[in-house]
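**Student:** Here is how the chains run, residue by residue.
Protein chains: 2
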Amino acid sequence: MAPLSLLLSVLSVLSTIAAEYVEYDTSSHIIPGMINVHLVPHTHDDVGWLKTVDQYYVGSNNSIQGASVQNVLDSVVQALLSDKNRKFIYVEQAFFQRWWNQQSDAMKSIVKELISSGQLEFINGGMCMHDEATTHYIDMIDQTTLGHRFIKKEFNKIPRIGWQIDPFGHSAVQAYLLSTEVGFDALYFFRIDYQDKQNRKNLKNLETVWRGSKTFGSSSDIFTGIFPNSYEPPTGFHFEVNDKDPIVQDDIDLFDYNVQERVNDFVETAMAQANITRTNHIMWTMGTDFMYQYANTWFRQMDKLIHYVKKDGRVNALYSTPSIYTDAKYAANESWPLKTGDFFPYADQTNAYWTGYFTSRPSIKGYVRSLSAYYLASRQLEFLMGRIHSGFGTDSLADALAIAQHHDAVTGTEKQHVANDYAKRLAIGYAKAEKLVGLALASLSESSSNKNCQKPTTKFEQCLLLNITYCPASEVSISDGKSKAILVYNSIGWKREEIIRIPVSSEHFVVTDSDGRKIETQLLPIDDTSLGLRSYYVQAYLKKSPTSTPKFWLAFSVSVPPLGFSTYFISAAEKKGTESTISKLHKYHGNIDNIEIGQGNLKLSYNGAGILNQYFNNRSLVKEPVEQSYSYYTGDDGLGRDPQADGAYIFRPNGSFPISYPGQMAIEVMKGPILDEVHQSINPWIYQITRVYKEKEYAEIEFVIGPIPVADEIGKEITTQITTTMVTNKTFYTDSNGRDFIKRIRDYRSDWNMEVNQPAAGNYYPINLGVYIEDERTELSILVDRSVGGSSLIDGQIELMLHRRLLFDDSRGVGEALNETVCVDDECSGLRIQGKFYFRIDPLGEGAKWRRSFGQEIYSPLLLAFSEQDGNSWEKTHLTTFSAINPSYNLPKNVAIITLQTLEKNSSVLFRLAHLYEVGEDKDLSVMAQVHLRMLFNDKNISTIREMNLSANQERSAMEKKRLVWKSEDSNAEKGSRGSPVDSSKLIVELAPMEIRTFIIEFDDTAIYCS
Amino acid sequence: MAPLSLLLSVLSVLSTIAAEYVEYDTSSHIIPGMINVHLVPHTHDDVGWLKTVDQYYVGSNNSIQGASVQNVLDSVVQALLSDKNRKFIYVEQAFFQRWWNQQSDAMKSIVKELISSGQLEFINGGMCMHDEATTHYIDMIDQTTLGHRFIKKEFNKIPRIGWQIDPFGHSAVQAYLLSTEVGFDALYFFRIDYQDKQNRKNLKNLETVWRGSKTFGSSSDIFTGIFPNSYEPPTGFHFEVNDKDPIVQDDIDLFDYNVQERVNDFVETAMAQANITRTNHIMWTMGTDFMYQYANTWFRQMDKLIHYVKKDGRVNALYSTPSIYTDAKYAANESWPLKTGDFFPYADQTNAYWTGYFTSRPSIKGYVRSLSAYYLASRQLEFLMGRIHSGFGTDSLADALAIAQHHDAVTGTEKQHVANDYAKRLAIGYAKAEKLVGLALASLSESSSNKNCQKPTTKFEQCLLLNITYCPASEVSISDGKSKAILVYNSIGWKREEIIRIPVSSEHFVVTDSDGRKIETQLLPIDDTSLGLRSYYVQAYLKKSPTSTPKFWLAFSVSVPPLGFSTYFISAAEKKGTESTISKLHKYHGNIDNIEIGQGNLKLSYNGAGILNQYFNNRSLVKEPVEQSYSYYTGDDGLGRDPQADGAYIFRPNGSFPISYPGQMAIEVMKGPILDEVHQSINPWIYQITRVYKEKEYAEIEFVIGPIPVADEIGKEITTQITTTMVTNKTFYTDSNGRDFIKRIRDYRSDWNMEVNQPAAGNYYPINLGVYIEDERTELSILVDRSVGGSSLIDGQIELMLHRRLLFDDSRGVGEALNETVCVDDECSGLRIQGKFYFRIDPLGEGAKWRRSFGQEIYSPLLLAFSEQDGNSWEKTHLTTFSAINPSYNLPKNVAIITLQTLEKNSSVLFRLAHLYEVGEDKDLSVMAQVHLRMLFNDKNISTIREMNLSANQERSAMEKKRLVWKSEDSNAEKGSRGSPVDSSKLIVELAPMEIRTFIIEFDDTAIYCS
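Chains as they are written, first to last, in numbering that gives the first Met the number 0: chain A, 0 to 1010; chain B, 0 to 1010.
There may be inaccurate statements among the hints.
Residues on chain B that point at chain A, a partial pick, calculated with CB under 8 Å [unchecked claim]:
{"no.": "1", "residue": "D24"}
{"no.": "2", "residue": "H28"}
{"no.": "3", "residue": "T51"}
{"no.": "4", "residue": "S59"}
{"no.": "5", "residue": "Q101"}
{"no.": "6", "residue": "S103"}
{"no.": "7", "residue": "F189"}
{"no.": "8", "residue": "M664"}
{"no.": "9", "residue": "P683"}
{"no.": "10", "residue": "W684"}
{"no.": "11", "residue": "Q687"}
{"no.": "12", "residue": "Y732"}
Simulated from the structure, these hints should not be mistaken for laboratory data. Bear in mind that the values here come from a model prediction, so they are computed numbers and not experimental data. We put the beta carbon where it would ideally sit given N, CA and C, even for glycine.
Looking at chain A on its own, in the form it has when it is part of the complex (with noise of 0.2 Å):
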């Protein structure tokens, strides 16, 4: 420690340390009928991107980016103490907390008082900022509530502003669900289209009133601020370290004095800013990517700045935050305009359509979203077995998934060894979840006979790697007397009735259920194409080449109860003919007649050539002509007049271009007693499976694209196409981050007047649930299974983009061309993507019930875990079916439990649930929907529970009177419908059509099952 004398001084001077021995005057306040310009200094850091996030904490891989957060965090908490005028607000929580961590306990409580004081705000405050077009709302939820739970808990805060400064457009569900929702009083960003911004400076209209929401109209309104230009300062006032612009330079005694040009400067800027915003408030964003590194280079600039245009007097500049800034703006009473539907798709520039990202990195985005599904199942089997601490559990892969709804994460716009950072934390994170997960089906279901649940001795192992064909422990060959025991869980609130596949190296097996009957099987042999997959990506992720080699997929029934499991056992078939049907096998190769699949309801049909040319269903008696087709974009390389090049980001086709054989495609048919599947080799690169369930009115699609060709140095982009007869009018229907479905005209927009340039990009849309189109009698839908982007370019068409592989980086920043390749032995190719769509078509007004209660089930598939046995004993020792949920109770097919988790301690509990349907949508199930929750805690002793807003941090009442309520043009519309208070003698929650209610239950013992 310095000597006493010493820091006396420094006590008595902390307020002007690195101050000019001028004082400057930066006690500048609101003063009304002024230009006020809000000064807000802020850092914009990326949770990844060219960088990792860990590497842009410590500042390390400056090579690439030269940024350190940490420097960035250091020395704003220094600038702040040196005077407390000045402002600072933060976002991004993954390196906030990172940063916390590694202070000392005195250094926390300086913070916490910077932060009590308002000095230091924290603005949006998840994890990081999330995307919001390739996002799942569930997982915006989740990242969201990371984020404010931990500023709650640790600072007692509440972030009242949304600050999505950097996404790439904007969802509805982002304006109504993760800003209204979470009780903020504001949402700002600057990217929206270049056409509708110059419009909306034209009306003076870029802020205004939000309503993102159709069901739940004004009472979703969301104050909207889109910053003029970008979300740096204005052009001339940027101040890091070695920045460029000119400084103050206020020393008389040295040379080039410029006080009075920098004060013009500044007051001419924000006449300028003035003059197309409404009110006397402008707000200057003074920082932007990773700034602040020394954060005094801002402070002092703009202590100056504000301490001469205060002496100047003809504006007057203040420190400032958002949330300053939105008071001032809702103290003006102004009635604002009115915008509705969302901010998609953006386009900076004329050929510069943001809509590339949609479907950039699919196997990111196919990764995110299987473990969004798998962090929700984990979290609630943690819940039913107790939380334990033991070096594993959901905390890894909360943080891992949170980090990865980044702007430039699941959206595939970070560099190559980022997307790898990303993989590696989803990777990790899983494998904590997965420990935990078969440690809960253990002791779940061991639960009958032990007493000490959280030790089982079941061992369960997991099957990540089944899309590709790969699962060590179904494919073992099981000897006499052994079986495998198959715990197939379910996440949701109802009973499940589906078909699960697993490979298995031989036909002789039988399957029996949990009351030990015989059920049906069907085997379907394993395609050359999924086992080169198999090999190959075994080899290159996993270092290792596969054992065995499996030989058939085994397909059978299976029936889930909610909340819980079902076990499935299959053993050695001890006879002949015991063992399961094998697919009867029809191969086509050239001419062939029509063929027709399909053992239920649903029938497809093919012409001579292949193609699929009819849907039919015998129940609805829907009967339409359809074409299922693939194409490719070739990417533009920038070379010509516009050097905008197809890139990560940006989707700038040159041209489009359909796929067919090269020759005769080869076709195969495989039918069976459960399921019939159509193989197609599309072209040498994609191949593709149509699947019929018996029992199922979908098609389900998979496909395998790649590696994509590139040897002609073209980047291309593989879109696939489903066309009917269905006459559409320019109109399609697209899902807001899996929630919402919105309308969308092609060569349209609803705000403005639209210039046509790119038809295919300008008309492409973000699609996480689904798209679908209608005419008068019928409506197709398309589910998909992980973010991508999708039009519909002709009426009666619905088009998927499915893969990319570019060769040109599109100037945005990344410096990359998106050429994923996946390596083996230092010899690498373009990636292959694995995945899946479905399709149906419905009469008018009958899809949604598939698109919602079906897509939930698609978005949290059945869970699978396998155990080998000895013997038949099984029953003897384990609970072979489990239901957390009352036996005489499911939950209704329009409510998801989208969250079940525990908190600090096994009685506190996280809760939320979801109405699936939008208001109209379904005549049975648009509707208040109602959830006991003394059944579905099965009893369970509820103590309390409060209802919280979205991000849980704080209580919904709360919330709601705290709320700014902003006026508008059409300020008196409907409010929609909401469930009712929870009566805690009913314990009922009620739940109106799109409704989210979040609770925090506390039980009164502990709130584990297994005991």
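Use these hints to put chain B onto chain A, whose structure you have.
**Tutor:** Relative to chain A, chain B alone:
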């Protein structure tokens, strides 16, 4: 102010602020027996280079270079406060003073504590890190004194260490005068010849005892440390904001943890350095140009390295300073290798001799030299008049000159806009000093009649641009009844008889002396080259056309007392025949007979082609064939195999070509009673006037060179040669900073076996005073008016490089070609250089007298001031002659007053005397000299006289007691003789050869002479 509770928390956390929760142990001290790695945190802040000094300070103009010294000092103070073990050194006082002036009192006391505790230490301590090749020792002393006295006064500290880390070669004067005599304990740098460095590494001789003075022998020894590579940190240990070297990632919770790798790197690097270093101590210079803009980035990493290296235990790392390091070296009690001579020239690669800058920007070099003398004279006059406080004086010139000594200022290696900035500062400084000089001369000359001598009525004009024939004061026509008083001031301590020349507009003048006696004059028609130069440069620099055009130079002899003035009067000739003699004019063009000039002892002969061919002195009977020629080098363009181009720093010729007039040289000879002139157009862009004064025995050559033609896209360097038949055996002598002459042997270095790669560039040396060669009979001396490069590349010949114009950058950072132009109305042409050199041939052993005593007169030319008067009343109201010295006294010809300067009070005076001769140089003058202060100060009452060290920040006796005495291979060598301590009753100062003695004299009453 922040709330008290917050401040109290700050208090308790200061030692850990910005550090991680890990408490780093930074308390390491030297551990005997281990390798001790002294981490020396430093920043190297050029006082102007790519940006101006003020731009560097405030951090503006960052588009050229990101650099802000304000950031450095602000953030270093913060970083030092957070851990008392951290240390930092600061060097350049020009920056520190700028910062200091801006600080609050509270901050000042904090910084005083840091300095007092040794956490912040001033090293070197001059205003800048002066160059050592192109600087004059008087300027070096002045700028060091300015810094050192500030540090002493403000902080009561005395810098212990010389830190000349960046200058481009190192001078003997730096070693013995500006280090040992200043009281430094060691001197550190890194730029020595690459061959020398390799040799020293091999011999472990990078650290050595340097004996810079032949005269003072071992009493001039200084411990000298040469860094093995540069003044940067070792590779891999740069930690500025955004630097790319790997940081220590020690957070186990984050990816890329690398503590052991970094510790290994540290230990390996330390061991490698230890292997070429004597003793267990090695120094790491932790910083480089303008680093520590956010000091925390460096200290955070050093904290970690010290902490983890300590844990590792293989080596010891500690926060250190050069002082601590020096003490550790001293404590090792080694006997160090001995170095004599100097470290010129410097080459960093085979073809990269940094000898171009000896001549680069000859105009700046000339400006600095002439203002150096003006500053000396003006301080004398300020002393004589008494300091006044009225916004003008010598402080501004002192600052400007101090900054101009920087190793990228007078060197000519700065960007053009920065050269302009230095010139502007010098011009402002001159303007303020000029006012003071005018006032002082008026005061002193009016002092007989005016009681209030500081408010005189006489107005004096001075003529800074006399060198380009521009002097409005002398050019005006003198009407009947008026006359012009010319006051001639002599700043030297001995009486001078010289010829002065002023431009006049007509021939009808008579000149009278102080006694009214008409004196002999001579009129020399002004040549067209001079008039062209005059009109272009007046237009260019003063933005006006001269109103009149002078026709003649009016020359006459003046006689001026020591430290005093005489007055001369010009008035209109009353009748025909009384006016001045017009020189006889002979014009030659084409073949001519031999020409001889010289009315006195010296005769110069020219052959039929107009070429000088003989030198003859009638008195000494020296008669030598001598030729003078011009030639040029062509600059290498760096497009060959070695990309090294000729540039501002580096002299890399690729050819040498004689210059002869295309056709027949025109030659004009002017003869008269006072002097003869030979005018020669050497070629269309070199004009030369050779002057022989009747009463003087040297030749004066004035040249105008330029614009150097570069239309052929080849840069050129213009040289002149004086060639004799002397047998000089590769040997020549050049001065060190205008002081000691050092023997040079062509293609030879005494310290190592030299490999010759650049036969011209590798033999160039800096010349500030002069250069000479000698053989058995005679010696040829050339004296210069500014710093130039020169050599003797052929026996019997001396070559000077006078001007350079180059078209390529030489890749040492400045990023501009040295292509100086001057513009009028946006039309630019290459810079013309007007300058002089002087030569003389003496019998062997007799040259020093001229070189030394006349050399001092070249440095301190007579100062002219003009005033118009009505009639002949001047004598009635003015003193016409004045001397501060007792009329019976003269300083001996071997002593110069190099400082006479009023300090804070008029009664307190800084006073320096310099013996001008080395031991053995002259049989009469290389002896102990005596200066009688009572005579010198003409009976002003001296109350105390304290002998000081050279930079006057401590008493000499205290310095000698403190200073470390180093053991070397030759510790017992002679110490040279020095004058005895001054007996305050006798007040006689003895000066041994080469001795400079510094005093602070207090006078009883005010020392003002005008009264």
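**Student:** A separate judgement is required for each hint: does it hold in the structure or not?
**Tutor:** Hints and how they fare:
1. Taking 8 Å as the C-beta cut-off, the interface hint given for B/D24 is violated, the closest approach to chain A being about 14 Å.
2. For B/H28, the shortest C-beta to C-beta distance to chain A is roughly 17 Å, which exceeds 8 Å, and the interface hint is violated.
3. Nearest Cβ of chain A to the Cβ of B/T51: about 7 Å, under the 8 Å cut. The hint holds.
4. The criterion of a C-beta within 8 Å of any C-beta in chain A is met by B/S59, whose closest approach is roughly 5 Å, and the hint holds.
5. At about 4 Å, the closest approach between the beta carbon of B/Q101 and any beta carbon in chain A falls short of 8 Å, and the interface hint on this residue holds.
6. For B/S103, the suggested interface contact is upheld, since its CB lies about 5 Å from the closest CB of chain A, less than 8 Å.
7. The beta carbon of B/F189 is not positioned within 8 Å of any beta carbon in chain A (closest approach about 25 Å), and the interface hint is therefore violated.
8. Interface hint at B/M664: violated, since its Cβ lies 46 Å from the closest Cβ of chain A, which is beyond the 8 Å cut-off.
9. A cut of 8 Å between beta carbons decides the hint on B/P683: the least distance to chain A is about 39 Å, and the hint is violated.
10. Among the interface hints, the one on B/W684 is violated; its C-beta lies about 34 Å from the nearest C-beta in chain A, farther than the 8 Å criterion.
11. Interface restraint check: B/Q687 against chain A, minimum CB-CB distance 38 Å, threshold 8 Å, status violated.
12. Violation of the interface hint for B/Y732 is found here, the shortest Cβ-Cβ separation to chain A being roughly 42 Å, above the 8 Å cut-off.
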